[in-house]
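2 protein chains.
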Amino acid sequence: MKVLRSPKIFQALMDRERGRARTLGFVPTMGALHEGHASLVRRAKKENDLAAVSIFVNPLQFGPKEDFSRYPRTLAADMAVLRKAGADYLFVPKAEDFYPQGFQTSVRVGREGVSGLTRGLCASARPGHFEGVATVVTKLLNLSKAHRAYFGAKDFQQAALIERLVEDLSLDIQIRVCPTVREADGLAMSSRNRYLNSEERSRALALPRALSALKRALEEGRPLGKTLRSARRSLEAGADRVDYLEIVDPGTLEPLKRPRALMTAAAACRFGKTRLIDNVSIRISQTRRK
Amino acid sequence: MKVLRSPKIFQALMDRERGRARTLGFVPTMGALHEGHASLVRRAKKENDLAAVSIFVNPLQFGPKEDFSRYPRTLAADMAVLRKAGADYLFVPKAEDFYPQGFQTSVRVGREGVSGLTRGLCASARPGHFEGVATVVTKLLNLSKAHRAYFGAKDFQQAALIERLVEDLSLDIQIRVCPTVREADGLAMSSRNRYLNSEERSRALALPRALSALKRALEEGRPLGKTLRSARRSLEAGADRVDYLEIVDPGTLEPLKRPRALMTAAAACRFGKTRLIDNVSIRISQTRRK
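As you go down the protein sequences, you meet chains F and Z in turn. Heads up, the first sequence is in our numbering, so the first residue is 10 and it goes up one at a time. Heads up, the second sequence is in our numbering, so the first residue is 10 and it goes up one at a time.
FYI, nobody ran anything at the bench for these hints, they're computed from the structure. Do not rely on the hints blindly, as some may be mistaken.
If chains are identical, the list can't say which one is meant, so a pair holds when it fits in one copy or spans any two.
Unchecked claim - 30 Å max Cα-Cα, derived DSS-like pairs, lysine-lysine: (1) Lys-266 to Lys-74; (2) Lys-54 to Lys-17; (3) Lys-93 to Lys-55; (4) Lys-235 to Lys-54; (5) Lys-11 to Lys-235; (6) Lys-55 to Lys-17; (7) Lys-93 to Lys-282; (8) Lys-11 to Lys-74; (9) Lys-74 to Lys-55; (10) Lys-282 to Lys-74; (11) Lys-266 to Lys-17.
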């Protein structure tokens with residue numbers, strides 16, 4: 010696995026590989042890698058000649074009170090994970106090279122709090138977060154020159170926003186959103202899980218449990234409003250704070266009042282100081298909708 | 010010259026040419042082509058194996074009271090200009106294909122009216138204009154897959170903004186800003202010149218004349234403030250309205266109070282309903298600065 014620090018050199022190298030008719034898969038990460046990331050790298054490698062990974066803890070997507078400075082940095086362990094998963098290139102830029110002096114460009118999807126994919130869900134609790142994500146992802150995808158890029162479905166709103174911006178700005182890359190990888194007990198894997206103490210870790214199961222109860226109830230034909238209220242109550246019982254639990258249209262992310270054939274239930278809540286997110290897809294047959 | 014309507018097909022074709030190790034030069038335009046555009050296409054063709062041109066009157070960069078609907082559309086004449094200049098590909102998308110349904114992404118350079126390259130000059134009179142320009146240019150450059158893109162120096166703030174966004178978002182393309190082409194009497198060529206009636210056309214010379222008088226005076230070592238005030242008076246005497254006449258740092262576009270080795274004098278003013286812009290570079294030796 011070749012490790013690159015310089016954005017320009019990484020891009021030139023990827024362009025050269027592409028010029029040799031090699032297909033490139035790209036997995037942008039913030040490091041602190043777990044099995045969820047490894048599964049993305051394996052898939053990138055399976056579907057392309059070469060797999061490139063980036064590790065960059067992007068300051069733009071953290072709010073002033075968020076965990077940027079304490080976000081886990083575990084480069085040695087990450088490199089072992091990536092070698093095992095078959096990565097060919099690792100791009101680890103320094104922030105000062107990544108955002109050059111005078112940097113002043115941003116990419117925005119929707120109008121935060123007003124319309125589009127950044128009106129609700131995580132946008133409310135994390136102002137500016139998605140503008141930071143859209144900007145860094147646009148730049149990383151441009152640097153990667155890849156044919157395909159891989160993202161986890163756990164970051165559901167992020168994935169929707171990335172699919173949207175790639176289409177809107179005509180980035181020449183295919184976005185693959187891959188299934189959430191879970192611990193044996195159902196908790197979605199996340200770099201932030203390591204913040205949890207053991208008491209919080211056991212309460213954190215309230216999150217996947219509320220979502221799967223909601224999924225089951227709706228797929229059995231229960232009414233949406235009542236089921237959602239009941240799931241919220243059970244999540245509130247386990248979490249220290251619930252930022253949201255919503256059932257939304259997976260295309261527009263608009264909250265739904267009545268069941269549809271395809272919906273997403275998404276939630277964010279806190280256990281201690283740790284904010285976790287998760288979501289599930291819900292598919293119900295025509296006859297079951299109420 | 011091959012003409013393409015579909016964004017996806019244009020991009021796929023350019024990617025294929027690039028995969029064949031052909032270098033690509035790209036000239037994005039809004040049509041109504043004149044000798045200024047032709048000079049960009051000739052240069053693109055000279056510096057690359059292939060030259061591609063786009064014609065797209067971008068609705069995003071026009072304000073509600075601006076000339077979007079009456080902006081000249083002269084496709085047949087444009088095609089003749091492009092064939093003569095040596096263009097290999099012409100991309101002419103329809104607006105509904107270019108901006109897909111649900112389009113909601115925008116690119117912003119600086120904070121309009123607050124900081125960065127979109128604080129002053131044309132940004133004040135044209136709110137939202139540069140966000141529309143940044144968005145369409147990002148998308149066009151992505152579609153073009155080109156190695157080099159060519160812009161005219163007349164659109165000075167636009168050129169600065171494009172160089173900035175290409176660096177900030179790591180677009181893999183080189184930006185070439187090419188000299189303004191002028192009519193014999195000094196008026197900068199512009200698609201909007203055809204709006205001028207003959208009386209306005211002769212008064213429009215006040216614009217290049219004020220700028221060249223300013224350049225001459227400063228290069229002769231005259232003091233900046235007084236020279237600028239005098240140039241403003243002479244421009245006001247010829248124009249129906251002066252949006253601005255400024256001497257700025259060509260890197261930051263900040264107005265200058267004292268001479269520098271390298272400056273740009275830029276102006277926008279109206280003749281009748283027609284808004285024209287122009288600029289000149291000013292270079293003075295160390296000993297002449299006051």
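Results for each hint:
For the identical chains of this complex, Lys-266 and Lys-74 are neighbours neither inside a copy (33 Å) nor across copies (39 Å), given an alpha-carbon limit of 30 Å. When the C-alpha separation of Lys-54 and Lys-17 is checked against a cutoff of 30 Å, the pair qualifies both within a copy, at 23 Å, and between copies, at 26 Å. Taking CA atoms no more than 30 Å apart as the test, Lys-93 paired with Lys-55 passes inside one copy only; the shortest distance there is 14 Å, against 48 Å between copies. Taking the closest pair of Cα atoms, Lys-235 and Lys-54 never come within 30 Å of each other, the shortest separation being 44 Å inside a single copy and 66 Å across copies.
In this assembly of identical chains, the alpha carbons of Lys-11 and Lys-235 never lie at most 30 Å apart, being 53 Å within a copy and 60 Å across copies at closest. Within a single copy, Lys-55 and Lys-17 get their C-alpha atoms as close as 26 Å, and across copies as close as 26 Å, so both meet the 30 Å cut-off. With identical chains, the CA atoms of Lys-93 and Lys-282 are never at most 30 Å apart, being 32 Å at best within one copy and 66 Å at best between copies. In this homomeric assembly, Lys-11 and Lys-74 never come within 30 Å of each other (Cα to Cα): the closest approach is 35 Å inside a single copy and 54 Å across copies.
With identical chains, the CA atoms of Lys-74 and Lys-55 are never at most 30 Å apart, being 39 Å at best within one copy and 53 Å at best between copies. Proximity of Lys-282 and Lys-74 under a CA criterion of 30 Å is satisfied intra-copy only: 11 Å inside one chain copy versus 50 Å between copies. Proximity of Lys-266 and Lys-17 under a CA criterion of 30 Å is satisfied in neither setting, with 48 Å inside one chain copy and 36 Å between copies.
Hints 1, 4, 5, 7, 8, 9, 11 from the list above are not met by this structure, while the remaining hints are.
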